[in-house]
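*Asks:* The lines below spell out each chain.
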Amino acid sequence: MEKKRRDFMGMALGACAAVGGVGALYAAKRSWDPLPSVKAAGFTTIDLSAAKPNVLNVEKWRGKPIFVLKKTADMPEDKRDIIIGSDRFHISIGLCTHLGCIPAYKAGEHKFLCACHGGEFDASGNDVKAPAPSPLVIPPFKLDGMKIVLGEEGPEYKKMLADGIAVIA
Amino acid sequence: MAKFDENAKPFTNKWLDERIGLNTLKRVLNTEYWIPKDINFLWAMGMILAATFGILLISGIFLLMYYKPDTNLAFDSVNYTIMSEVGYGWLWRHIHGVGASLVFLIIYIHMFTGIYYGSYKRGRELIWLSGMGLFVAFSAEAFSGYMLPWGQMSYWAGMVITNLFSGGSLEAYGLVEWIRGDYVPGDAYLTRFFMLHVLLIPLVIIGLIVLHFGTLRLPHVNNQEGADIDYEESAALYKAGKKKESKVIPFSPVFLSKDIFVMGVYFILFFYLVFYHFNFAMDPVNFDPADGLKTPAHIYPEWYFLWSYEILRPFSKDVGLIAFALSQLAFIFLPFIDRSPNVAPAHKRGLFQIWFWVLLIDMIVLTAMGKLPPTNETFAAIGWYSAVLFLFMGPALFVITIFEKKIEKGA
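Here the protein sequences line up with chains B and G, keeping their order.
Per our numbering, the first sequence runs over residues 1 to 169.
Per our numbering, the second sequence runs over residues 1 to 411.
Treat the hints with care, as some may be off.
Dumping the calculated BS3-like pairs for lysine-lysine here, alpha-carbon to alpha-carbon at most 30 Å [as the list claims (entries may be wrong)]:
{"id": "1", "chain 1": "B", "residue 1": "Lys129", "chain 2": "G", "residue 2": "Lys37"}
{"id": "2", "chain 1": "G", "residue 1": "Lys371", "chain 2": "B", "residue 2": "Lys111"}
{"id": "3", "chain 1": "B", "residue 1": "Lys79", "chain 2": "B", "residue 2": "Lys106"}
{"id": "4", "chain 1": "G", "residue 1": "Lys247", "chain 2": "G", "residue 2": "Lys348"}
{"id": "5", "chain 1": "G", "residue 1": "Lys371", "chain 2": "B", "residue 2": "Lys106"}
{"id": "6", "chain 1": "B", "residue 1": "Lys147", "chain 2": "G", "residue 2": "Lys348"}
{"id": "7", "chain 1": "B", "residue 1": "Lys52", "chain 2": "B", "residue 2": "Lys158"}
{"id": "8", "chain 1": "B", "residue 1": "Lys3", "chain 2": "B", "residue 2": "Lys39"}
{"id": "9", "chain 1": "G", "residue 1": "Lys37", "chain 2": "G", "residue 2": "Lys239"}
{"id": "10", "chain 1": "B", "residue 1": "Lys106", "chain 2": "B", "residue 2": "Lys147"}
{"id": "11", "chain 1": "B", "residue 1": "Lys39", "chain 2": "G", "residue 2": "Lys348"}
{"id": "12", "chain 1": "G", "residue 1": "Lys294", "chain 2": "B", "residue 2": "Lys60"}
{"id": "13", "chain 1": "G", "residue 1": "Lys405", "chain 2": "B", "residue 2": "Lys129"}
{"id": "14", "chain 1": "B", "residue 1": "Lys70", "chain 2": "G", "residue 2": "Lys68"}
{"id": "15", "chain 1": "G", "residue 1": "Lys405", "chain 2": "B", "residue 2": "Lys106"}
{"id": "16", "chain 1": "B", "residue 1": "Lys79", "chain 2": "G", "residue 2": "Lys294"}
{"id": "17", "chain 1": "B", "residue 1": "Lys79", "chain 2": "B", "residue 2": "Lys111"}
{"id": "18", "chain 1": "G", "residue 1": "Lys348", "chain 2": "G", "residue 2": "Lys37"}
{"id": "19", "chain 1": "G", "residue 1": "Lys348", "chain 2": "G", "residue 2": "Lys405"}
{"id": "20", "chain 1": "G", "residue 1": "Lys26", "chain 2": "B", "residue 2": "Lys60"}
{"id": "21", "chain 1": "G", "residue 1": "Lys68", "chain 2": "B", "residue 2": "Lys39"}
{"id": "22", "chain 1": "G", "residue 1": "Lys68", "chain 2": "B", "residue 2": "Lys29"}
{"id": "23", "chain 1": "B", "residue 1": "Lys106", "chain 2": "B", "residue 2": "Lys39"}
{"id": "24", "chain 1": "B", "residue 1": "Lys111", "chain 2": "G", "residue 2": "Lys244"}
{"id": "25", "chain 1": "G", "residue 1": "Lys294", "chain 2": "B", "residue 2": "Lys142"}
{"id": "26", "chain 1": "G", "residue 1": "Lys37", "chain 2": "G", "residue 2": "Lys26"}
{"id": "27", "chain 1": "G", "residue 1": "Lys26", "chain 2": "G", "residue 2": "Lys244"}
{"id": "28", "chain 1": "B", "residue 1": "Lys52", "chain 2": "G", "residue 2": "Lys294"}
{"id": "29", "chain 1": "B", "residue 1": "Lys147", "chain 2": "B", "residue 2": "Lys159"}
One-sided and incomplete, this derived list gives chain B residues near chain G with beta-carbon spacing under 10 Å [claimed, not checked]:
{"id": "30", "residue": "Gly23"}
{"id": "31", "residue": "Val38"}
{"id": "32", "residue": "Asn54"}
{"id": "33", "residue": "Leu56"}
{"id": "34", "residue": "Cys101"}
{"id": "35", "residue": "Pro103"}
{"id": "36", "residue": "Ala115"}
{"id": "37", "residue": "Cys116"}
{"id": "38", "residue": "Ser134"}
{"id": "39", "residue": "Asp163"}
{"id": "40", "residue": "Gly164"}
FYI, nobody ran anything at the bench for these hints, they're computed from the structure.
We put the CB at the ideal spot given by N, CA and C, even for glycine.
Next comes chain B alone, as it looks inside the complex (with noise of 0.2 Å):
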């Protein structure tokens, strides 16, 4: 009798302690979640009627570098390329995808160059050398004339998630 009364005292206390241990950790995950003021990071929008031919810009959006490529006549077309009027524009996350270093654009090649790790993407963000695995990635973006949103996701954007062009970023 005294013995089943201590098993359930000891249950007793298990049971506290492992509620108590598995709130403890809940919060502390939570602890290091990113803030809303972090994720709140709103909406960036960027005019492209500026933009020259060959040459990259980057743009800041949630704190990653985004490319801003105006395409020249020559450069094949992608099924990536984001259309206004008769321009066409790459525009992406400009992160390697392999490990998140920023490539550099070579203008004379028409390539982006990762320096960490050798990877390699065409003007239009394809990934053509390893280690890079796959294309860079595309911002949810929403057109708006001449100037772009970043952040939000128009028709054009919604129709390269369902193609399976962009992906979530």
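Position chain G against the provided structure of chain B, taking the given hints into account.
*Replies:* Quick look at chain G alone, frame taken from chain B:
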């Protein structure tokens, strides 16, 4: 209650012994903790590591008083305040930087000494495992510390290393953002790595050092021949005054005085580097403040991580990550991969000796290739072959040691 002599004067030996068992402590940890005579200077690396950790701790305490873990202030608090305003601030920084680099040199020597002499075999597995725990903890400590000056190398090393946790095609970007507390390394990231560097990881390291010493006490340290010493017999001889016939010496003061001599030589090198060649531990790229919109032309880790970095680099993303993970884990399982019953130095173990030197040279080649930019085809090929060779070293050890002949030991 125990007996307390009312005539014992406070803080005398007897008074302390009655209260905290001072004499028992001294006997177990010093005067009757027996160390074999048949050792060489490589056996001093453990205490050198302990001393270097102490020096890192002390220099760190002084840096901590002026360092500011804030993305706007961190760079200047190190490069301006500590380096040019704080009296002798440069000394603490250079000691801390040089010490962080040298501690890895000694860790590698310590590790390869253990591998050469078979000091991870039956009875000593926990010494090896706690030692590998220390290697992991020191690596985390080095990485988190490297973030703190918030220069270009800090930022981009942080970017690349935290991205490893996305797990390649698993695309666990949520986990990466959780580790960073941001989409990119930012303020939350810097403060949490500051906390890890100055509190949590040092606590883990101190705990592991105690465990590492503890696992050593019963199996005793190995010796140059891997001989199975009868400690009771040898201890009795030593205590009877027959020090010449005994195969052992007490840890303190005899072994420790040998250690302190080697330490003296080491600290001449240490402070020569601190005063005249500290630049090798200070990457010039890290004297540019962190900039999330500009990757340095060539990113590489500190020299002590180059070999594992070179295993990551030449493969496609997923294969590289798996190879990298395997190479990090491989050493941990050494006591269980080595199937040979022999506790003997490598030069008495046939093929194992070749295996040992191939491993050491391969890691040196990987280190050299890891430092070079990824653009040279020849060096990239050498790196690739060395990485593949490294991955085959584990299975090779397993096969070699299965067929290793048992060494019969004479008396």
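*Asks:* Now look at each hint and say whether the structure bears it out.
*Replies:* Verification of the supplied hints:
At roughly 57 Å between alpha-carbon atoms, Lys129 of chain B and Lys37 of chain G are farther apart than 30 Å, so this suggested pair is violated. Pair hint Lys371 of chain G plus Lys111 of chain B holds up; C-alpha atoms about 24 Å apart against a cutoff of 30 Å. Among the hinted pairs, Lys79 of chain B with Lys106 of chain B is consistent with the structure: their alpha-carbon atoms are about 21 Å apart, no more than 30 Å. Restraint check: the Cα-Cα separation between Lys247 of chain G and Lys348 of chain G comes to about 21 Å, which is no more than 30 Å; the hinted pair holds.
Annotation: proposed proximity of Lys371 of chain G to Lys106 of chain B holds, straight-line Cα distance about 23 Å (limit 30 Å). A hinted pair counts as satisfied when its Cα atoms are at most 30 Å apart, and Lys147 of chain B with Lys348 of chain G does not qualify at roughly 74 Å. Under the criterion of a C-alpha separation no larger than 30 Å, the hint pairing Lys52 of chain B with Lys158 of chain B is consistent with the structure, at around 27 Å. Proposed proximity of Lys3 of chain B and Lys39 of chain B is contradicted: the alpha carbons are some 54 Å apart, above 30 Å.
At roughly 15 Å between alpha-carbon atoms, Lys37 of chain G and Lys239 of chain G fall within 30 Å of each other, so this suggested pair holds. For the hint linking Lys106 of chain B to Lys147 of chain B, the alpha-carbon distance of about 25 Å falls within 30 Å, and the restraint holds. With a C-alpha separation of about 61 Å, the suggested pair Lys39 of chain B and Lys348 of chain G falls outside the 30 Å cut-off, and the hint is violated. For the given pair, Lys294 of chain G sits about 11 Å from Lys60 of chain B by alpha-carbon distance, which is consistent with the 30 Å threshold.
Pair hint Lys405 of chain G plus Lys129 of chain B does not hold up; C-alpha atoms about 48 Å apart against a cutoff of 30 Å. Restraint check for Lys70 of chain B and Lys68 of chain G: the C-alpha separation of about 42 Å exceeds 30 Å, so the hint is violated. Between Lys405 of chain G and Lys106 of chain B the alpha-carbon distance is near 59 Å, which puts this suggested pair outside the 30 Å criterion. With a C-alpha separation of about 28 Å, the suggested pair Lys79 of chain B and Lys294 of chain G falls inside the 30 Å cut-off, and the hint holds.
With a C-alpha separation of about 17 Å, the suggested pairing of Lys79 of chain B with Lys111 of chain B holds against the 30 Å cut-off. A threshold of 30 Å between alpha carbons decides the hint, and for Lys348 of chain G with Lys37 of chain G the separation of about 20 Å falls inside it, so the pair holds. For the suggested pair Lys348 of chain G and Lys405 of chain G, the alpha carbons sit about 11 Å apart, so the restraint of at most 30 Å is met. With a C-alpha separation of about 63 Å, the suggested pair Lys26 of chain G and Lys60 of chain B falls outside the 30 Å cut-off, and the hint is violated.
With a C-alpha separation of about 24 Å, the suggested pairing of Lys68 of chain G with Lys39 of chain B holds against the 30 Å cut-off. Taken as a hint, the Lys68 of chain G and Lys29 of chain B pair is honoured in the structure, with Cα atoms around 25 Å apart against an allowance of 30 Å. Restraint check for Lys106 of chain B and Lys39 of chain B: not satisfied, since their Cα atoms lie roughly 33 Å apart, outside the 30 Å limit. At roughly 74 Å between alpha-carbon atoms, Lys111 of chain B and Lys244 of chain G are farther apart than 30 Å, so this suggested pair is violated.
Restraint check: the Cα-Cα separation between Lys294 of chain G and Lys142 of chain B comes to about 26 Å, which is no more than 30 Å; the hinted pair holds. Proposed proximity of Lys37 of chain G and Lys26 of chain G is supported: the alpha carbons are some 20 Å apart, at most 30 Å. Simply put, Lys26 of chain G and Lys244 of chain G have alpha-carbon atoms about 23 Å apart, close enough for the 30 Å limit, and the pair holds. In summary, the hint linking Lys52 of chain B to Lys294 of chain G is supported, as the alpha carbons are separated by about 21 Å, within the 30 Å threshold.
With a C-alpha separation of about 19 Å, the suggested pair Lys147 of chain B and Lys159 of chain B falls inside the 30 Å cut-off, and the hint holds. The criterion of a C-beta within 10 Å of any C-beta in chain G is not met by Gly23 of chain B, whose closest approach is roughly 19 Å, and the hint is violated. Annotation: Val38 of chain B was flagged as interfacial toward chain G, and the flag holds, the nearest CB pair being 5 Å apart, inside 10 Å. For Asn54 of chain B, the interface hint is violated, the least distance from its beta-carbon to any beta-carbon of chain G being 20 Å, above 10 Å.
Taken as an interface hint, Leu56 of chain B does not check out: its beta carbon lies about 12 Å from the nearest beta carbon of chain G, beyond 10 Å. Checking Cys101 of chain B against chain G by beta carbon gives a least distance of about 5 Å; that is within 10 Å, so the hint holds. With a least beta-carbon distance of about 8 Å to chain G, the hint placing Pro103 of chain B at the interface is held under the 10 Å criterion. Because the smallest distance between the Cβ of Ala115 of chain B and any Cβ of chain G comes to about 5 Å, under 10 Å, the interface hint for this residue holds.
Using the Cβ-Cβ criterion of 10 Å, the hint placing Cys116 of chain B at the interface with chain G is satisfied: the shortest such distance is roughly 5 Å. At its closest, the beta carbon of Ser134 of chain B sits 8 Å from a beta carbon of chain G; the interface hint therefore holds under the 10 Å criterion. Because the beta carbon of Asp163 of chain B sits about 19 Å from the nearest beta carbon in chain G, more than 10 Å, this interface hint is broken. A cut of 10 Å between beta carbons decides the hint on Gly164 of chain B: the least distance to chain G is about 14 Å, and the hint is violated.
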